[in-house]
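Q: Using mature numbering (1 follows the signal peptide of the UniProt record, and there is no 0), the letters of the sequence shown correspond one by one to residues -18 to -1, 1 to 397.
Just so you know, the hints here were simulated from the structure itself, not pulled from any lab data. Note that the structure is a prediction, hence the values are computed from the model and not measured. Every residue, glycine too, gets a C-beta built ideally from N, C-alpha and C. Errors might be hidden in some of the hints.
[Unchecked claim] Just the calculated beta-carbon pair ranges, DEER-fashion: (1) K285 with D8: 51 to 57 Å; (2) E174 with F196: 16 to 22 Å; (3) D8 with P187: 15 to 21 Å.
[Stated by the list, open to error] Dumping the calculated DSBU-like pairs for lysine-lysine here, alpha-carbon to alpha-carbon at most 35 Å: (4) K97 with K368; (5) K226 with K306; (6) K393 with K170; (7) K64 with K216; (8) K25 with K97.
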Amino acid sequence: MRFIMILLVLLSFTFAQHQQLQVLIDQALKNNPALKARGHQSKAARALVESSGALPDPTVGFGLMNLPVNSFALDQEPMTGKQITFNQAVPFPGKLGLKETIARLQADKTLDMQKETELEIIYQVKTLYFKIFDLDRAIEVTEKNQIVLKNFIQIAQTRYTVGRGLQQDVLKAQVEYARFFDQLISLKEKREALTTQLNAVLNQPPNQNLAKTFIWEFKPLTVELDTLQFWLLKENPILLAWQKSIAQSNVKIHLAKKNFLPDFNVTVAYTQRDVLQSGMGGIDYFSAMIGLKIPLYFWKKQKNELQASRFQKEQTSQQLIDVKNQLLSALQDAYQRANKKAELIELYKSTIIPQGSQALNSAIAGYQNDKVDFLTLLNNLMVLFKYERLFYSLISEYYQQLAKIEYLSGKQIIK
């Protein structure tokens, strides 16, 4: 029964850890203005897809035909009439479809960039959260050691009073005690600065308070680098966006080739004639005409446009390779850093801190039996304090690297 109760407590504590962080992430994804802007950008790009494949707006004209200048009468001459025209430019078949495809790929790219912004915001929240976690643990450790040091000061004062200690021991301890106050002020100032940055990501007032973070237990990374690289190449939205840029370049090349073909111009007209003064009845006319927009100077325009499209594709291809290499390099760096931090965490947890704690207990016992001087006791306390600070800093840095791996691979690692 006792084991079950302990297990339930640990499970509820772990749930509280993740719930606190998840609440912040959900709030950021809901309220962050940069992500909202990306969402509107995606909607705008999606709205332009259909219009990109639409025909150009037609031209409607109204006119008077063959109006005699001596009278300007509409019923004097048989060739006089009132005319309405309708003109429609029609691109060569396939051009509009290619333009719509380019617009659709652009809309898909904005969705990828929206996803990238979402991942970046999650990365920012987690990074700031674990930096604040480090400061919260530093404050806790400092306050705990401050209490221990205060007890040491009282012991040193008592021993000095009865002639078993030195005044310099008391003064040295008091100086270290005052330094703890200075460290606490600095730590709290840094926490306020980081909280302000987090509030900016959450889109809430700068002075909004953040509750103390929970202690996160160390959990080793079990995913191999090869798997993470596979995820990055498959899921990273930056790479996906660049791949769509290459697809756009291919379509633009196809469109540039299509531009060597003529576009059409369709015109229809209707002419209405009045009954003449002579009594002759006017007969209305209908006219139709098809014109061709001939790329007559293709060696100056269309040829160079096609060449430019090919160069742009090569540029995009090289940029994709460069971006991919940078992302893979950043992923490997974060992976190696995380593993290094994991090794140090295990070392501090299993060896360094237990040994430091044992050394301090031994120094306390030795000081009580006059076998160890006060400076040795104080030094052991400060060393253990430094080890505890470094231990939680390592956990913070470890989870920050995992957050970076999540951002690069597009997969959730911190669970």
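Q: Which of the numbered hints are not met once you compare them with the structure shown?
A: 4 and 7
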